[in-house]
Structures are given as C-alpha cells and as structure tokens.
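Chains as they are written, first to last, in the numbering used here: chain A, 1 to 557; chain B, 1 to 557.
Among the hints, a few may not be true.
Chain copies aren't distinguished; within one or between two, either way the pair holds.
Claimed, not checked - Below 30 Å or equal to it, Euclidean Cα-Cα: the simulated DSS-like pairs (lysine-lysine) are:
| hint | residue 1 | residue 2 |
| --- | --- | --- |
| 1 | Lys529 | Lys127 |
| 2 | Lys535 | Lys127 |
| 3 | Lys369 | Lys127 |
| 4 | Lys313 | Lys369 |
| 5 | Lys535 | Lys196 |
| 6 | Lys39 | Lys381 |
| 7 | Lys529 | Lys381 |
| 8 | Lys39 | Lys468 |
| 9 | Lys3 | Lys369 |
| 10 | Lys375 | Lys313 |
These aren't lab readings, by the way, just hints derived from the structure by calculation.
The primary structure of each chain is shown beneath.
Number of protein chains: 2
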Amino acid sequence: MCKYVIGVDYGTDSVRSVVVNASTGAELGAAVFPYPRWKKGYFCDPNTNQFRQHPLDYIEGLESSICEALDNAGEEVASQVVGIAVDTTGSTPVAVDQSGTPLALLYPHLENPNAMFVLWKDHTAIKEAEEINTLSNQWHIDYTQYVGGIYSSEWFWAKILHVIRIDPHVRSDAYSWVEHCDWIPFLLTGGTDVSKMYRSRCAAGHKAMWHSDFGGLPSNEFLATIDPLLDGLRDRLYRDTFTSDVPVGSLSLDWAKRLGLSTDVVVSVGAFDAHMGAVGGQIEPYYLSKVMGTSTCDMLVAPADTFGDILVKGICGQVDGSVIPGMIGLEAGQSAFGDVYAWFRQLLAWPLEQILGANAEIDEDTRTKLVAQTKDQILVKLSTDAGEIDPLESGIVAMDWLNGRRTPDANQALKGALIGLNLSSDAPKIFRALVEATCFGARKIVDRFQDEGVPIRGIIGLGGVAQKSPFTMQILADVLDRPIKIARSEQTCALGAAMFAATAAGLYNDVMEAMQAMGPGFDVTYRPKADQVEKYHQIYARYEQLATLVEQTEQSS
Amino acid sequence: MCKYVIGVDYGTDSVRSVVVNASTGAELGAAVFPYPRWKKGYFCDPNTNQFRQHPLDYIEGLESSICEALDNAGEEVASQVVGIAVDTTGSTPVAVDQSGTPLALLYPHLENPNAMFVLWKDHTAIKEAEEINTLSNQWHIDYTQYVGGIYSSEWFWAKILHVIRIDPHVRSDAYSWVEHCDWIPFLLTGGTDVSKMYRSRCAAGHKAMWHSDFGGLPSNEFLATIDPLLDGLRDRLYRDTFTSDVPVGSLSLDWAKRLGLSTDVVVSVGAFDAHMGAVGGQIEPYYLSKVMGTSTCDMLVAPADTFGDILVKGICGQVDGSVIPGMIGLEAGQSAFGDVYAWFRQLLAWPLEQILGANAEIDEDTRTKLVAQTKDQILVKLSTDAGEIDPLESGIVAMDWLNGRRTPDANQALKGALIGLNLSSDAPKIFRALVEATCFGARKIVDRFQDEGVPIRGIIGLGGVAQKSPFTMQILADVLDRPIKIARSEQTCALGAAMFAATAAGLYNDVMEAMQAMGPGFDVTYRPKADQVEKYHQIYARYEQLATLVEQTEQSS
Numbered sequence: 001m002c003k004y005v006i007g008v009d010y011g012t013d014s015v016r017s018v019v020v021n022a023s024t025g026a027e028l029g030a031a032v033f034p035y036p037r038w039k040k041g042y043f044c045d046p047n048t049n050q051f052r053q054h055p056l057d058y059i060e061g062l063e064s065s066i067c068e069a070l071d072n073a074g075e076e077v078a079s080q081v082v083g084i085a086v087d088t089t090g091s092t093p094v095a096v097d098q099s100g101t102p103l104a105l106l107y108p109h110l111e112n113p114n115a116m117f118v119l120w121k122d123h124t125a126i127k128e129a130e131e132i133n134t135l136s137n138q139w140h141i142d143y144t145q146y147v148g149g150i151y152s153s154e155w156f157w158a159k160i161l162h163v164i165r166i167d168p169h170v171r172s173d174a175y176s177w178v179e180h181c182d183w184i185p186f187l188l189t190g191g192t193d194v195s196k197m198y199r200s201r202c203a204a205g206h207k208a209m210w211h212s213d214f215g216g217l218p219s220n221e222f223l224a225t226i227d228p229l230l231d232g233l234r235d236r237l238y239r240d241t242f243t244s245d246v247p248v249g250s251l252s253l254d255w256a257k258r259l260g261l262s263t264d265v266v267v268s269v270g271a272f273d274a275h276m277g278a279v280g281g282q283i284e285p286y287y288l289s290k291v292m293g294t295s296t297c298d299m300l301v302a303p304a305d306t307f308g309d310i311l312v313k314g315i316c317g318q319v320d321g322s323v324i325p326g327m328i329g330l331e332a333g334q335s336a337f338g339d340v341y342a343w344f345r346q347l348l349a350w351p352l353e354q355i356l357g358a359n360a361e362i363d364e365d366t367r368t369k370l371v372a373q374t375k376d377q378i379l380v381k382l383s384t385d386a387g388e389i390d391p392l393e394s395g396i397v398a399m400d401w402l403n404g405r406r407t408p409d410a411n412q413a414l415k416g417a418l419i420g421l422n423l424s425s426d427a428p429k430i431f432r433a434l435v436e437a438t439c440f441g442a443r444k445i446v447d448r449f450q451d452e453g454v455p456i457r458g459i460i461g462l463g464g465v466a467q468k469s470p471f472t473m474q475i476l477a478d479v480l481d482r483p484i485k486i487a488r489s490e491q492t493c494a495l496g497a498a499m500f501a502a503t504a505a506g507l508y509n510d511v512m513e514a515m516q517a518m519g520p521g522f523d524v525t526y527r528p529k530a531d532q533v534e535k536y537h538q539i540y541a542r543y544e545q546l547a548t549l550v551e552q553t554e555q556s557s
Numbered sequence: 001m002c003k004y005v006i007g008v009d010y011g012t013d014s015v016r017s018v019v020v021n022a023s024t025g026a027e028l029g030a031a032v033f034p035y036p037r038w039k040k041g042y043f044c045d046p047n048t049n050q051f052r053q054h055p056l057d058y059i060e061g062l063e064s065s066i067c068e069a070l071d072n073a074g075e076e077v078a079s080q081v082v083g084i085a086v087d088t089t090g091s092t093p094v095a096v097d098q099s100g101t102p103l104a105l106l107y108p109h110l111e112n113p114n115a116m117f118v119l120w121k122d123h124t125a126i127k128e129a130e131e132i133n134t135l136s137n138q139w140h141i142d143y144t145q146y147v148g149g150i151y152s153s154e155w156f157w158a159k160i161l162h163v164i165r166i167d168p169h170v171r172s173d174a175y176s177w178v179e180h181c182d183w184i185p186f187l188l189t190g191g192t193d194v195s196k197m198y199r200s201r202c203a204a205g206h207k208a209m210w211h212s213d214f215g216g217l218p219s220n221e222f223l224a225t226i227d228p229l230l231d232g233l234r235d236r237l238y239r240d241t242f243t244s245d246v247p248v249g250s251l252s253l254d255w256a257k258r259l260g261l262s263t264d265v266v267v268s269v270g271a272f273d274a275h276m277g278a279v280g281g282q283i284e285p286y287y288l289s290k291v292m293g294t295s296t297c298d299m300l301v302a303p304a305d306t307f308g309d310i311l312v313k314g315i316c317g318q319v320d321g322s323v324i325p326g327m328i329g330l331e332a333g334q335s336a337f338g339d340v341y342a343w344f345r346q347l348l349a350w351p352l353e354q355i356l357g358a359n360a361e362i363d364e365d366t367r368t369k370l371v372a373q374t375k376d377q378i379l380v381k382l383s384t385d386a387g388e389i390d391p392l393e394s395g396i397v398a399m400d401w402l403n404g405r406r407t408p409d410a411n412q413a414l415k416g417a418l419i420g421l422n423l424s425s426d427a428p429k430i431f432r433a434l435v436e437a438t439c440f441g442a443r444k445i446v447d448r449f450q451d452e453g454v455p456i457r458g459i460i461g462l463g464g465v466a467q468k469s470p471f472t473m474q475i476l477a478d479v480l481d482r483p484i485k486i487a488r489s490e491q492t493c494a495l496g497a498a499m500f501a502a503t504a505a506g507l508y509n510d511v512m513e514a515m516q517a518m519g520p521g522f523d524v525t526y527r528p529k530a531d532q533v534e535k536y537h538q539i540y541a542r543y544e545q546l547a548t549l550v551e552q553t554e555q556s557s
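Extracted from the complex, chain A is given alone in its bound form:
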C-alpha cells in the first residue's frame, strides 16, 4: 500500500500544497492559494518598503490548499498520508503572546501591521540593522561571523527592534517572537506554549545569529546594549534548534478534522523555502542551487567534517544542518531577480492600465480583457525581441539593486540604475540590460564564494524564472560561463518539504535517502556560448565600475 506525504510551500504571494507519493516523489495533487489580504495590498506601503502579512492569510491558505490538493489527488489518498512538512519565506517574524499566538489574531491588534508577520522583503528596519552591525564590529564576540559579517534589515533582530521601538502596544503585548516556519508546525500540532515551540535550525542560524559556539542566541548583554528594549527577550525565545528531519509531533484533532487527515500524521520542523527547495532540486556538495523567483536564494552545501574554518564574508550565512543535516548550508541571494523584470513590465503597462483601461469609448469588459491580454504578453515579447540584440549593441548597463542588495555584502539602501541610455534605447534593449544586470549580480555571488575558498562545482537552477525564461537562463549561463542544470519539477520547494516529511515520518533513514528516491531529476541544461561569454566578460567590467559609482553616490547622499 502506497504512502503519501504533503509538502506545504509558503511563498511571497501564495501558499502551495502538494501531495506526493512518498516512495517515488510523483505528484498526485497540488493546489495554490493566493493570500487574499496581501493581494489587495493591505498592511503594506511600497513607498516605505513596509510589507506585512496577516496570519489569517496563512491559516486560510493552509486549510484551503491542503484540502484542495488532497481532492485533486483523488480518493483513498487522504487516509494514507503519513507526514506533512512546511517551508516558508524568511526571515518573517511575528510577535506572539505566551501561548504562541500571533498578536494580529488577538484584540486589539487585529488590523495592526506591527502585530503581523514582517515579510522577508520588508525594509523598514534599515537603521536597526546598521546599529546591530556597528555594535557587532566592536563586541568581543563577532556574532555576525556566521552570517557573512553584515546583519541585514531583512532579518529577525532588526525587524523586532524596529517594531518594538515604533509600536508601544506591540512592545508591551509581545511575550516572544517566532518565525513563520516555526509557527505553522506549532499550529498544526496544537501547540499552546511558545516555550515548547520547535525552532528551525535554518531560520535561527541564518537570521537570528544562533550558533552552537555562542551557546545559542547572542548574549542578553549584547542585545540589551543594542537597545535596552531587547533586555530579557533572549530568555523568552529559545536555546535549542532542530533540523527538518525531526518530528514536531502529530496533527492536532482540530487540524486533522479540518484537513480530513488522521491524527497520526507526523508534522516535522519547518525551514525556509530555498533550503527545502535545494533538497527538492537534488543539491550536491559544492553545487550552487539557485532558486530564482522574485528574488534569488542561492544555497550551497559542504560536508561539515571537511569544511574547516572558512567564514565566507558578505553572504547570508553558513549554518550546520540548515539544508541537510550533517552538512554546512551556505546561503546567499539577490534581493530582486524576477521582481526586476516584473517592475519593468509594470512600468510598460502604465499606459495600458491608466489610459486604455479608463477609455470610456470602449466597454469595460473589452478594455479589461485587452489590458490583461496585452500585459500578459509583455515579458514574452520582450524576451523574444531582446534575444535578437547583440550584448554589445545597446551600450546600456543596469544595476539590479531595485530592492537593495542582499549579497554579496548586504546593503538594503542601494538602488537600481540604468546608464548608457540614448534616444534609440527601446524597451527590448533596456529589458536585456536589466536581465544582464540580474545575471551579473549572480556572478558577483559565485565570485565571492570562490574568492573565499569555496569552490563551485556546478549550478542548479530552480524556481519560476529558471523554469519559464530560457532567455534569462541562457544569459546566466553565458555570464557565469558555466552550464546550468534546470530541475525537472516546478515545485522543488514543496517537493523538498515532502522529502523531509517522509524522512520525519520514518520512511527513510535520512533526507539524502529520501532525495535519491523521490528526486525529480533534471530537465534542460543551458550551456555557455563562447562568443557571448567573451562579450559579457567586457560588459561585466562596466557593471562592476558602475556598481562602485552607484554605491558611492548612495553613501554621499
């Protein structure tokens, strides 16, 4: 009799659940649930880069997407589900009370953005991140040494400090803080005491400066020196952390009912999407597994016993077991990748939405349809047209920092740029320059790993852009001068979660075994073209020069 597992992948805009055959990895059913409040733009302010998500979006999405995926998987499947694992974006912390309930679920915080999950791409805590970095540089222990030497405004402590500084109500009602990936397993297993919540090694190590060398989180003395408002919080957080092959417990009666599953279903420790995605995409030692979506997360694993004492500067961190237990998981990434292309599409769609969409001469249904049809084709047609442009033709060089820079060397204050524009700079030329810039940003990361003594033996491409844009992938192969293997599955994050679910449920000895049995294999491989490689070598020099200049202007502004 077959056994099934469920992988739940919380992305930026929606949550996706997949029901998978635990022996083969074959997908039986899947469902996506877009967050309804998020979709309406609630609780966000793009002008100040405030991005918050309501816990109800997550709860509704959990129930809906799992139930629908099970429906799609067919009868008989639900009764044979043995495990569920969850991945989420991160760092996405929320303030909770002593029972582990996010404050936004409790009166009077129901509509208070500061009582909601602070999404990874929220950049309201730039100042707090700077203060953490300043103190770290002077402290006798460098708590940033395992997170690349720079603490980011996208991370746990900076976000907590920002929120409790500006919101006295959240400050007084927050007993503790939890990551999204820790809260969902806690919710599913009916947790009622936050001190017993299983905390993800991945989230803690990459975002909260947790490390066994430090005896856990940074000392209370360090935290209270950053700001007395943090004094005492450490004791209300956690000391131990867990890898995702560890079971948290089994489904609560309530959730078993809601999902139509048994209370025997094992729920395992959560982790971040890219980390589980790397597993779903069959990462190997010293392969860079790039999840390329709105942003990128670049994961690399190296056996812990031979890695030595290398500390890679300017990345998002290196954590024992964050991807695969027993291996150092190294994380890097770009703050905007597909988001750069989406930004340009949105820019070009302005006349469609603002003028054509308001043209009273045509009926509303027709214009809505025309706007949507045309907008849908923008990136397709841009890719086709830009594909015919020689890299050296336009002279346009872009900077990909439209959402700041995550790595190498986090700096969320940086901005995007376009130089070399002239009157013949049309949309395909600019688009090509933007795509090239995102690929140059990717090269910066590869170069950094290698410069710091971590060899890169291969590149694996995962995520929406890897799957959907051969145009981008070919440029990436040319810029990196390396072949890029594209994972066959489109849902590597959810599939990776399913592999952990199967392992935690006891079907495999470890996740490596699960990966081998359930892995989807690879689809196309993009190979670098020698003539383009040579051209991009030249343009990359211009990109690096521009990067230096743009960084200078930001610093002096």
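Fit chain B to the known structure of chain A by using the hints.
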C-alpha cells in the same frame, strides 16, 4: 495698401510657412509640410545616430507650404507680398557641385545619404570633432575661442570631414559645402554659382569657426593639418558673411511662377531657427531666449560695443550679428529636451504598438485607433500624475544626456541615466525625474553664463514645450528660481523670419524696429514657488554629483 511678408521655418520634421502682415505682425495664413522621405525613416540609422535629409524634401516643402499658406491667407494677398526670409536647423551642411546644387540631386548620388543634408542631430562625426579639438588646443590661434572652446560633432567641419573620409565618391564630386539656410535663398533667387552664394553670418560664426579676427574661416594650413583631405576646400567656400537684414536678391522667374508671386519679392539672407526665433520672441539684451522643442537653443544678445572681450567657455558660440546686427549673439542649448519626454513616451508605448497593435482578435481599424488614442494621452496623463509628486519623494535622479550634451561643454558621447530606482519607481515618478533633469540641464547653462561674467536678466520661453507643457515650465521656473515669460506666438521662428524679410524689403530701418512693430507680446508668466525652489536646490546637488560620475564612466569605457 497692406504689405505682406513670408517667413519660412525649416524644422527637424517639417517646414512651416507663415504669411504675415508686415505692419502689425498679424498672421494671415500658415501651412506645415512634413518631410515625406524623412517621415518614412529613409537615409537614417538611429543606432549610429545617422540623420540625413533629402533636398527634395526641402524643395517640395518650400513650394507646398508657401502656396498653401498663401491660399489660407486669402485672395489679394499674394500680389502684395514683398519679402521672404528663411530659417533652418543647423549646422545642416550638404556637399554641392560648382553650381551650388546638392549632390543628392545629381546622378549617381540620388539615394546616397552622404550626398544629402547632414542634420544637426547627426552624431556620426564624433571622432572628427575630437581631432579638431585636439589640434585646436595645440595651434597658435585658438579657432574654437568664439565657439565655447569645444568644437562639436554636430557642426560643419566635423561633418564634412567625416563624409569625405568615408565616401570617396562624394569626396571627388563635392566642389564645395553649403548650409541649408544658405542654400534655400540661393535656390529661390536662381543662383547658379556657389562662389556667389550669400553665406549666413549666424551659420558661419557659430558652426564653421568663421570670425573677422581670423580673416574669415580657419586657415588652410590648419584645416589641412587636421586632414589633408580638407586641403584647398577653404578657397572654395567663402570669405564674407551676411546678417539676415541683407537682401540676397529677388525671386527667380521659375520660383515666382511656382509660388504665384512677383519677381520683385526680396529674398533675404537665411539664418538658424533659434536665432530668428529669438527675434520673433522679442529678445532683449541679457535676456535668455530659450527655444524649447525636441532640443533647446538658448540665445542671448548683448550690445557689441559694451560686451568687452568676454569669451564664454563651453557654449555653442558668440557671433557679432548672429541674432541682431550690432549685437553679440550668444548661443547655447541642450541636445535633447522634448526628445527626452518623447523617448519615454515611445518606451511606454512599446506594448501598445508591439502587442496590442498586433492583436489579431480585434479588427485592424479599432486597434490602430486604440493605440493612437492611448499613445496620444501618455504625456498628458504623465504630466498630471507627476504634478502631484513631491520633488523629494521618489529619490530618482536622471541625466538628460540621451542625445549627448551640447552645452555647457559639448560632449556628444555622453549618455542618459536613471539612478535611485526601486520597485516602486513608476512611470510618473520616472517622468518627473526626466523633466527635472532637462531643467537641471537648463540651469547648468544659466550658471555657466553667469560664472563667465554674462548676467542673465530674464528668461523668455519659446517653442513647443514652452507653449504646451505648463508642468515642465513650472519645474523650470522652480529649478532656475526665475520667472519665465512665454511668447504669445507659437510660431516665433517663422515670425522672426518675417521680421527680417520686412527689414530686407526696406519696410524698416532695422530689425529692432520690425520687432517692435510686429512683435506678438507675451502670454503667461511662470513664477518660481519658494518651497519647490528650496527642494530643487538639494536635488540639483545630487544631479551635479551624478553628472560627474556618469561623465567619469563614459571616459573610462
């Protein structure tokens, strides 16, 4: 009995003729003729900035626009026309044979772009301009001293040298070279010997380094040192130059017939559009008269007897009599102004034209109409929306050099740029930054005049952008921190030509008198707003910083 004069204004895309009452300046009839070959993009290559115009476009436009303007003016008018004057863009030189006929009118050059007029905005001669500058810096006479110290690729000698270098056929068949504004009066008066052609003081002084101090054009020794290909050409060009109050002659029998006019009609010496436009816009001493269209031409006049020996660096030149006889005419300008906005409109129109325009689900008439309607509204809607954005809100700073930089300090190799982009940078924000950049470019020119000891007592706005964009004019007033008077007439160039025609025909003692009698007066005045002035002071500092950086990256690329 009333007397009438005709002003003919050759612009970049079309020629416009106006029939004017010579006593009052009242416009009786006007007509515009778009150049048919140019409109189809013939002989041009925007990728290499090659822009050529066929002499037939000019000839057909001359006849058609004058005849139609006379028709519109009503019966009885043609018989009382006493003068015609012509202004053109420039420097717009063409190779001619000994009879003064442009080579493109002669077999085998009929379709050879190098035998056509090289339009002002053609930037194919960047290398040649550099060579001229290099030699000028070392020569015992600085021939560039009256053209701002930098010779531009948009000008006479650079363009000639470029064409004769790359095209041996034109090289061997070109007896001499003439400016568009010299050729039209020559054509109208039936000239047959290029050595007798009246050459415009304005064109010669601003673009060909002609100056009475040099005894005319630069020496043959200098020219032959730039390139032996130029050896001997000086003697086949000209020694004397003339201001536009001077009659060239009267209409030839042929042209009198073609236009339905008398052979008594006086044709006066031509000049450049912005110079005649400044007269049509009633320029005063030490007022900056800004013709703001696709690019800008900024004219200033100062009485020759009190101007002293000031040499303004980095402008397009200072020439005795180029605008008004007896006054030094100083010219500066920006290579792209309205063209920057048009570029952005074209960029945003890409999905309309490329996707919606090809949508086979809707009939062709409907989609053509929708594309045109929507595109027409882009700049209107952008201006409205951008008008509501605080200057300090977006953080975007643009460089306006999308067509290179004309002044201060000509450098056609420079490019445009946008920095400070983030994921919330939408079309109105970027548009506002682009408009601000063009206004900052305008401030650079005002600052240069003042820094060099030439006071600016007022600003007069002329041209399409001045007439049609209150949004841009208000930002310009705020950036310059000065009021801007907008000339009442939309056709100040043609009107200025008509004033010269009336003067050359003997109706006035000098053009100052004509200006007073025929001047249209002023329309609205835009006044700076104190709060905006303060904000733009800050942003201008960022613009200057960016300018330095962009110039550095160009130099090192």
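These are the hints, each one checked on the structure:
1. Within a single copy, Lys529 and Lys127 get their C-alpha atoms no closer than 44 Å, and across copies no closer than 33 Å, so neither meets the 30 Å cut-off.
2. With identical chains, the CA atoms of Lys535 and Lys127 are at most 30 Å apart between copies only, with a shortest distance of 24 Å across copies and 39 Å within one.
3. Taking the closest pair of Cα atoms, Lys369 and Lys127 never come within 30 Å of each other, the shortest separation being 44 Å inside a single copy and 51 Å across copies.
4. When the C-alpha separation of Lys313 and Lys369 is checked against a cutoff of 30 Å, the pair qualifies neither within a copy, at 49 Å, nor between copies, at 57 Å.
5. Proximity of Lys535 and Lys196 under a CA criterion of 30 Å is satisfied in neither setting, with 56 Å inside one chain copy and 54 Å between copies.
6. Both within a single protomer and between protomers do Lys39 and Lys381 lie at most 30 Å apart by alpha-carbon distance, with minima of 26 Å and 26 Å respectively.
7. Taking the shortest Cα distances, Lys529 and Lys381 sit within 30 Å of each other inside one copy (23 Å), while across copies they are farther apart (44 Å).
8. In the homo-oligomer, the alpha carbons of Lys39 and Lys468 lie at most 30 Å apart inside one protomer (23 Å), although the nearest pairing across protomers, at 39 Å, exceeds that limit.
9. Taking identical chains as interchangeable, the C-alpha atoms of Lys3 and Lys369 are never at most 30 Å apart, the minima being 44 Å within one chain and 60 Å between chains.
10. In the homo-oligomer, the alpha carbons of Lys375 and Lys313 never lie at most 30 Å apart, since the shortest distance is 41 Å inside one protomer and 49 Å across protomers.
Comparing the model with each numbered hint stated earlier shows that hints 1, 3, 4, 5, 9, 10 do not hold.
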